[in-house]
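Colleague: Each protein sequence line maps, in turn, to chains F and C. The numbers in full-length UniProt numbering rise by one with no breaks, and the one at position 211 of the first sequence is 211. The numbers in full-length UniProt numbering rise by one with no breaks, and the one at position 150 of the second sequence is 150.
Some clues are possibly wrong.
Okay, derived cross-link-like pairs now, DSSO-like style, lysine-lysine, Cα gap no bigger than 27 Å in a straight line [stated by the list, open to error]:
no., chain 1, residue 1, chain 2, residue 2
1, F, Lys93, F, Lys161
2, F, Lys154, C, Lys197
3, F, Lys52, C, Lys197
4, F, Lys161, C, Lys197
5, F, Lys93, C, Lys197
6, F, Lys76, F, Lys201
7, F, Lys50, C, Lys197
8, F, Lys76, F, Lys263
9, F, Lys272, F, Lys98
10, F, Lys50, C, Lys231
Restraint ranges, calculated between C-beta atoms of paired labels, are given here [as the list claims (entries may be wrong)]:
no., chain 1, residue 1, chain 2, residue 2, range
11, C, Lys69, F, Phe174, 25 to 31 Å
12, C, Phe65, F, Leu281, 25 to 31 Å
13, F, Phe189, C, Tyr178, 48 to 54 Å
By construction, these hints were calculated from the structure, which means they are not laboratory data. Remember, it's a predicted structure, so these values are computed and weren't measured experimentally. Every residue gets a Cβ at the ideal spot worked out from N, C-alpha and C, and that includes glycine.
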Amino acid sequence: MDTVVLEGATHKKAGPGSVPGVPAPPVKRPKAKKAKKAVVFFEVEILDAKTKDKLCFLDKVEPNATIGEIKSMFHKSHPQWYAARQSIRLDPKGKSLKDEDVLQHLPVGTTATFYFRDLGAQISWVTVFLTEYGGPLLLYLMFYFRVPFIYAPKYDFTTSKHWVVHLACMCHSFHYLKRLLETLFVHRFSHGTMPLRNIFKNCTYYWGFAAWMAYYINHPLYTPPTIYGEQQVRIALIIFLFCQVGNFSIHIALRNLRPPGSKTRKIPYPTKNPFTWIFLLVSCPNYTYELGSWFGFTLMTQCLPVAFFTAVGFIQMTVWAKGKHRSYLKEFRDYPPLRSPILPFVL
Amino acid sequence: MSAPAIGTTKTAHSDVAPKKKRGPGALATAYLVIYNVVMTAGWLVIAVGLVRAYLVRGSYHGLYFSIEKPLKFFQTGALLEILHCAVGIVPSSVVLTGFQVLSRVFLTWAVTHSVREVQSEDSVLLFVSAWTITEIIRYSFYTFSLLNHLPYLIKWARYTFFLVLYPMGVTGELLTIYAALPYVQKTGLYSVTLPNKYNFSFDYYTFLILTMVSYIPLFPQLYFHMMRQRKKVLAHVEEYKTE
């Protein structure tokens, strides 16, 4: 039942003598200047990956239609499954196809069978980031200002007498403000959405740790660094600021790799900014600098919960860095061999 | 908690087809057989110790002291099972197994051993007996499975006894933790207060209360998981009945 049409359906140029609406007889001779390819419309059937039920049948699908467009068409017949929660794959157990994949370039016949899996309710990355970073910013300030019901009533709305506590508040607030602004203006996300349940998981992590750290740093019985005192705090501040600038530089460099609205992936290289020269040694220097920032903050506050937070973050970021490093190696043949995932030469 | 390790129920399906041997080679299998035999023997020693002590004393009270050392030794030895999963010779989840074993070890050392006053409580006998019977069945189950010669009786026992033993063990554990609370609060055991130079505090008393509370969501989940496993495993065997 394939309809062979002479011209691409988007160009509605009917040849002389042809009746509109009736497909022209197949002509294989290329015309005058442009070689006209015979265009074959595809049929697409979408089956449920688990039950194999036929969920949707689309006919007259253009060969250059993308998976993204097919998802929109599927959404029309099943309005509860918006495009972001659709996983379309060639094999019920296979990997999801990308939105940019073009129908005719996939290993399918002219009747393409796809399998659908519901990814569950989705939430945009931007929403998740704003919520998970906004929480720590506000929570920490609540502890800093000693809002009632946290500490003993006689301390309500008092301020700490230790200058390092004020410094720590500024650093912590600056860090999360930076993250919020980067989310809004710097980052270019590959995926629009993530599963809804992630927001609960992520917020518990960030908000929980922020509250735990803030409780001790702003506690009336807080003990400022004793091992090397003021010198320790100064060095810690320098490390923290250095790594904040470094982390920001990396985010900008990564953003510049990707034109607006695109999802291209390229190998990051050092730029004129000296903070990016670390790309020579490390695949994910944004994580390296992030670790450095929290290490600085730990040193500054000399607080065990902060050390725990730094350690847990380090483990998680190492897992992510190794994954990213592996995908870089898989995707790019000419990936620089000297680089480690997160710590130069070590990890 | 006193339930058999949940993750390892995967091995239960394999008495007909030895699918689980995708991990261990011959050497690992030999090691695991020895490990499980030793553990079965160890818990049998504890069981015998309990019975003998009861017969000698003529009462149920204070039997903990007669099996204190083998209990600590063999329950702590179960930590190896986490390693087995991590290394891959046992196809169970490290996290699940870790959680199971660590909760047992916690009760043995951080509660019963650390708070001397609870050692003469009857609740200790309650969970120790539950653990003992459970572990004897569980380790012999593994032993026979590894040797591909699992008697239906052992499989049945493993998936049936828990119906009583699990609630029994949980009750014993909770009562013991509850009994320890006043002593922990009085002595400030394992607790750290402010101010200190690491700006950290920990209240073991509150921690124990939170532990008790955590049983509420966790126990039903594990219990019903085992019940579902039971349906699956015992239903299958009715069909095949090869042994």
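Colleague: None of the hints should be skipped; say for each whether it holds.
Modeller: Hint-by-hint comparison with the structure:
1. Pair hint F:Lys93 plus F:Lys161 does not hold up; C-alpha atoms about 60 Å apart against a cutoff of 27 Å.
2. Straight-line distance between C-alpha atoms of F:Lys154 and C:Lys197 comes to about 23 Å, which keeps the hinted pair within the 27 Å bound.
3. This hinted pair does not check out: F:Lys52 and C:Lys197 have alpha carbons roughly 62 Å apart, beyond 27 Å.
4. The suggested pairing of F:Lys161 with C:Lys197 holds, with an alpha-carbon distance near 16 Å, which does not exceed 27 Å.
5. Between F:Lys93 and C:Lys197 the alpha-carbon distance is near 54 Å, which puts this suggested pair outside the 27 Å criterion.
6. In summary, the hint linking F:Lys76 to F:Lys201 is not supported, as the alpha carbons are separated by about 32 Å, beyond the 27 Å threshold.
7. At most 27 Å may separate the alpha-carbon atoms for a hinted pair to count; F:Lys50 and C:Lys197 exceed this at roughly 57 Å.
8. Taking the CA atoms of F:Lys76 and F:Lys263, the gap is near 25 Å; set against the 27 Å cutoff, the hint holds.
9. Distance hint between F:Lys272 and F:Lys98 is unfulfilled; the C-alpha atoms sit about 34 Å from each other, more than 27 Å.
10. Distance check on the hinted pair: F:Lys50 and C:Lys231 sit about 23 Å apart at the alpha-carbon level, within 27 Å; holds.
11. The hinted window of 25 to 31 Å between C:Lys69 and F:Phe174 is violated, with their beta carbons roughly 56 Å apart.
12. A C-beta distance of roughly 60 Å is found between C:Phe65 and F:Leu281, which places it outside the suggested range of 25 to 31 Å.
13. Hint check: F:Phe189 to C:Tyr178, Cβ distance near 50 Å, so the stated range 48 to 54 Å holds.
Checked against the numbered hints above, the structure violates hints 1, 3, 5, 6, 7, 9, 11, 12; every other hint is satisfied.
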